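Visitor: One letter stands for each residue in the lines below.
2 protein chains.
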Amino acid sequence: MANLAPTREGDVTLEGAFRLENGAELRSPTIHYAVYGELNPRCDNAVLVCHALSGSARVPDWWPQLFPGVLDTARYCVIGANVIGSCYGSTGPLSPDPATGEPYGGGFPLVSIRDMVRAQALVLDRLGVPRLHSVIGGSIGGMQALQWAVDYPDRVERAIAIGAAPLSAMGLALSHVQRQAIRLDPAWRAGRYGPDDPPVAGLALARAIAMCSYKSAELFRRRFARRPDRSGEDPCCSLAERFDIAGYLDHQGEKFIARFDANSYLVLSKAMDTFDLARGYDSESDALRRIRARVLLIGISSDWLFPPQEVRELAHRIRTAGAPCEYTELKSSHGHDGFLADADLLAPFLTAAIWRPTVSAVPRPHLAPAASL
Amino acid sequence: MANLAPTREGDVTLEGAFRLENGAELRSPTIHYAVYGELNPRCDNAVLVCHALSGSARVPDWWPQLFPGVLDTARYCVIGANVIGSCYGSTGPLSPDPATGEPYGGGFPLVSIRDMVRAQALVLDRLGVPRLHSVIGGSIGGMQALQWAVDYPDRVERAIAIGAAPLSAMGLALSHVQRQAIRLDPAWRAGRYGPDDPPVAGLALARAIAMCSYKSAELFRRRFARRPDRSGEDPCCSLAERFDIAGYLDHQGEKFIARFDANSYLVLSKAMDTFDLARGYDSESDALRRIRARVLLIGISSDWLFPPQEVRELAHRIRTAGAPCEYTELKSSHGHDGFLADADLLAPFLTAAIWRPTVSAVPRPHLAPAASL
Numbered sequence: 025m026a027n028l029a030p031t032r033e034g035d036v037t038l039e040g041a042f043r044l045e046n047g048a049e050l051r052s053p054t055i056h057y058a059v060y061g062e063l064n065p066r067c068d069n070a071v072l073v074c075h076a077l078s079g080s081a082r083v084p085d086w087w088p089q090l091f092p093g094v095l096d097t098a099r100y101c102v103i104g105a106n107v108i109g110s111c112y113g114s115t116g117p118l119s120p121d122p123a124t125g126e127p128y129g130g131g132f133p134l135v136s137i138r139d140m141v142r143a144q145a146l147v148l149d150r151l152g153v154p155r156l157h158s159v160i161g162g163s164i165g166g167m168q169a170l171q172w173a174v175d176y177p178d179r180v181e182r183a184i185a186i187g188a189a190p191l192s193a194m195g196l197a198l199s200h201v202q203r204q205a206i207r208l209d210p211a212w213r214a215g216r217y218g219p220d221d222p223p224v225a226g227l228a229l230a231r232a233i234a235m236c237s238y239k240s241a242e243l244f245r246r247r248f249a250r251r252p253d254r255s256g257e258d259p260c261c262s263l264a265e266r267f268d269i270a271g272y273l274d275h276q277g278e279k280f281i282a283r284f285d286a287n288s289y290l291v292l293s294k295a296m297d298t299f300d301l302a303r304g305y306d307s308e309s310d311a312l313r314r315i316r317a318r319v320l321l322i323g324i325s326s327d328w329l330f331p332p333q334e335v336r337e338l339a340h341r342i343r344t345a346g347a348p349c350e351y352t353e354l355k356s357s358h359g360h361d362g363f364l365a366d367a368d369l370l371a372p373f374l375t376a377a378i379w380r381p382t383v384s385a386v387p388r389p390h391l392a393p394a395a396s397l
Numbered sequence: 025m026a027n028l029a030p031t032r033e034g035d036v037t038l039e040g041a042f043r044l045e046n047g048a049e050l051r052s053p054t055i056h057y058a059v060y061g062e063l064n065p066r067c068d069n070a071v072l073v074c075h076a077l078s079g080s081a082r083v084p085d086w087w088p089q090l091f092p093g094v095l096d097t098a099r100y101c102v103i104g105a106n107v108i109g110s111c112y113g114s115t116g117p118l119s120p121d122p123a124t125g126e127p128y129g130g131g132f133p134l135v136s137i138r139d140m141v142r143a144q145a146l147v148l149d150r151l152g153v154p155r156l157h158s159v160i161g162g163s164i165g166g167m168q169a170l171q172w173a174v175d176y177p178d179r180v181e182r183a184i185a186i187g188a189a190p191l192s193a194m195g196l197a198l199s200h201v202q203r204q205a206i207r208l209d210p211a212w213r214a215g216r217y218g219p220d221d222p223p224v225a226g227l228a229l230a231r232a233i234a235m236c237s238y239k240s241a242e243l244f245r246r247r248f249a250r251r252p253d254r255s256g257e258d259p260c261c262s263l264a265e266r267f268d269i270a271g272y273l274d275h276q277g278e279k280f281i282a283r284f285d286a287n288s289y290l291v292l293s294k295a296m297d298t299f300d301l302a303r304g305y306d307s308e309s310d311a312l313r314r315i316r317a318r319v320l321l322i323g324i325s326s327d328w329l330f331p332p333q334e335v336r337e338l339a340h341r342i343r344t345a346g347a348p349c350e351y352t353e354l355k356s357s358h359g360h361d362g363f364l365a366d367a368d369l370l371a372p373f374l375t376a377a378i379w380r381p382t383v384s385a386v387p388r389p390h391l392a393p394a395a396s397l
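Top to bottom, those sequences are chains A and B.
All residue numbers for the first sequence refer to our numbering, where the first residue is 25 and numbers rise by one.
All residue numbers for the second sequence refer to our numbering, where the first residue is 25 and numbers rise by one.
Since the hints were derived computationally from the structure, they do not count as laboratory data.
Every value quoted in this text rests on a predicted model; they were computed, and no experiment measured them.
Just so it is clear, CB atoms sit at the ideal spot from N, CA and C, and this is done for glycine as well.
Don't take each hint at face value.
Said to hold, decoys possible - Simulated restraints on C-beta separations: (1) T375(A) / R213(B): 52 to 58 Å; (2) P210(B) / T31(A): 46 to 52 Å; (3) R247(B) / A214(A): 26 to 32 Å; (4) R213(B) / G47(A): 41 to 47 Å; (5) H275(A) / G131(B): 26 to 32 Å; (6) E242(A) / R251(B): 28 to 34 Å; (7) E278(A) / R213(B): 19 to 25 Å.
To be verified - Where chain A lies over chain B, by a calculated footprint (3+ residues, C-beta under 8 Å): (8) 196-205; (9) 269-275.
Make the full structure from the sequences, and use the hints.
Guide: Here it is, written out as structure tokens:
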């Protein structure tokens with residue numbers, strides 16, 4: 025269903041100064057959105073789907089396996105909104121800064137997950153969507169789903185986050201070296217590159233490093249082992265010749281530079297790093313106590329960027345704070361990328377979580393994986 | 025004992041053409057060596073210690089914890105030899121190419137672990153060392169120890185390799201992105217940089233990426249967590265400000281560029297990738313069948329670059345081939361770096377392995393960790 029066309033698609037301008045968590049302001053940013061299906065008269069069928077780092081408002085483009093089985097547009101009004109800082113239609117580093125008329129470029133401020141979610145809430149106001157039947161996302165999209173549950177407890181009935189938790193030190197490390205790769209590219213020019221000379225080599229390397237963290241050692245071993253590059257290179261012959269895994273990483277980098285902006289990458293990667301539900305509240309448990317949505321956290325068995333253990337621990341903290349939260353685990357060898365690559369396996373979990381009622385206000389005990397969902 | 029002075033230190037020139045595995049030739053390369061202690065009259069107390077990627081012939085400089093407890097120079101003649109391709113005294117990319125008088129630079133050929141070991145064997149011939157009581161190494165040094173046992177079965181009585189096995193696809197991936205970081209630096213100039221303008225930013229980033237693979241997520245979590253950089257930066261404030269782990273990685277990179285050459289890094293990193301005991305023989309088991317040394321493989325519990333499971337599997341393959349090989353595991357949270365950072369904990373394993381007799385030709389069953397060694 026990748027070709028599912030939006031019922032509505034457009035831009036919402038948030039007039040005036042949009043103040044970010046770090047104190048910077050964006051003047052009248054626009055948010056690109058796409059809607060699939062119709063809001064029902066009771067306004068209780070809206071499902072917001074939050075995209076990951078390189079996704080867009082067009083949910084079926086990147087999560088096609090969920091249509092129509094999980095996200096049945098005859099039943100739900102599925103909404104996607106491109107995050108601030110991205111390069112898929114919302115205001116980001118490629119957009120003109122109203123103060124200068126030139127693109128923000130490297131001058132684009134650091135945004136937070138909370139900023140992204142607040143912008144989405146304002147967009148939903150404008151679209152006449154008072155509350156969300158569900159908010160769903162994986163990775164940085166899952167962070168947004170959780171932030172929604174904390175910041176807008178009265179507007180969210182179900183929050184489902186896959187492969188999302190505050191990044192551990194290793195995750196922060198891997199993010200940092202990716203951003204350093206972009207900065208190392210002489211074409212980056214502190215973010216002031218023109219449209220004809222972007223830092224593609226740095227961005228490609230950032231993506232290659234990221235792919236190592238998105239996939240799993242097991243998958244790489246099975247798929248590439250120690251085979252030489254499939255184009256016929258002999259890695260034992262010269263420095264330049266590659267193993268197959270290296271050819272794969274380079275190819276992933278080359279594909280990525282055609283569809284993403286380096287400054288956007290810096291902004292969104294750092295936003296992911298800074299995700300911390302405690303910020304703006306007295307403590308994480310104070311934040312978690314606000315949640316009234318029914319929360320489902322899904323860890324991915326082979327995810328080493330957001331290890332399932334850390335997702336499970338977050339679920340435990342949410343329950344300890346008194347909010348209803350379940351944890352389950354997706355068995356996938358694709359690592360963090362499992363929520364996209366194995367979306368078929370993910371679908372039954374999501375269907376069960378979206379379709380079930382939300383009446384239970386009492387925290388439920390930790391459920392065993394899979395079968396009970 | 026870091027200040028232990030060598031009994032002898034010098035260079036051996038391997039006169040004539042030294043033909044490498046990939047077919048290239050080096051003209052009269054020199055190998056820098058250092059000896060601690062004296063060869064006894066029976067010539068049966070020589071211990072060759074093979075250094076890792078950024079080490080040198082001066083073993084006590086980088087493995088001080090092993091002196092004098094494990095490597096007692098009153099008892100053993102401890103020998104270190106800098107590998108071909110390095111920048112610590114042996115012929116490498118910084119050395120003048122006799123054909124031009126200019127440094128080899130990016131024109132230095134790809135060397136293999138087998139090339140390194142053959143050069144060491146020739147050096148030992150010149151030093152009058154007919155056989156090795158033991159050969160020991162960690163990481164790429166462990167690869168050399170194993171290659172010694174395969175290529176020179178009559179010269180090696182004990183081979184001890186820590187955190188060494190053929191790199192898995194994930195390891196090859198992480199090596200590749202490090203090398204790409206060097207190549208991304210505009211100062212790299214395809215390896216033809218001058219001494220005053222080396223690609224320090226690329227080399228620093230390569231080292232930062234490598235540090236992620238050398239250490240463990242657990243260690244990073246305990247040591248850095250999600251704390252802001254200790255110098256007072258606020259990572260939530262701007263793109264440039266860092267978490268503490270990022271400051272640590274940058275610092276490791278900065279320290280490294282003062283002591284290592286980027287072209288050497290490319291050569292040695294790729295040599296590590298290509299380590300494969302099967303090469304030059306009909307199969308890996310044919311190679312392993314040659315071993316007559318008593319072999320000890322040590323995995324490091326938190327090593328994710330050379331996961332202990334893969335070291336254990338290699339030990340199993342060696343035993344299956346009929347060679348005596350034991351496996352044990354070092355409990356360390358330092359990841360791959362544990363063989364250096366936790367050398368105190370490693371020492372008892374090494375002492376037991378070095379001191380024990382070698383009479384057993386019959387493969388012994390897998391030993392439980394620690395106590396039995």
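Visitor: Checking each numbered hint in turn, tell me which of them this model violates, lowest number first.
Guide: Failing hints: none at all.
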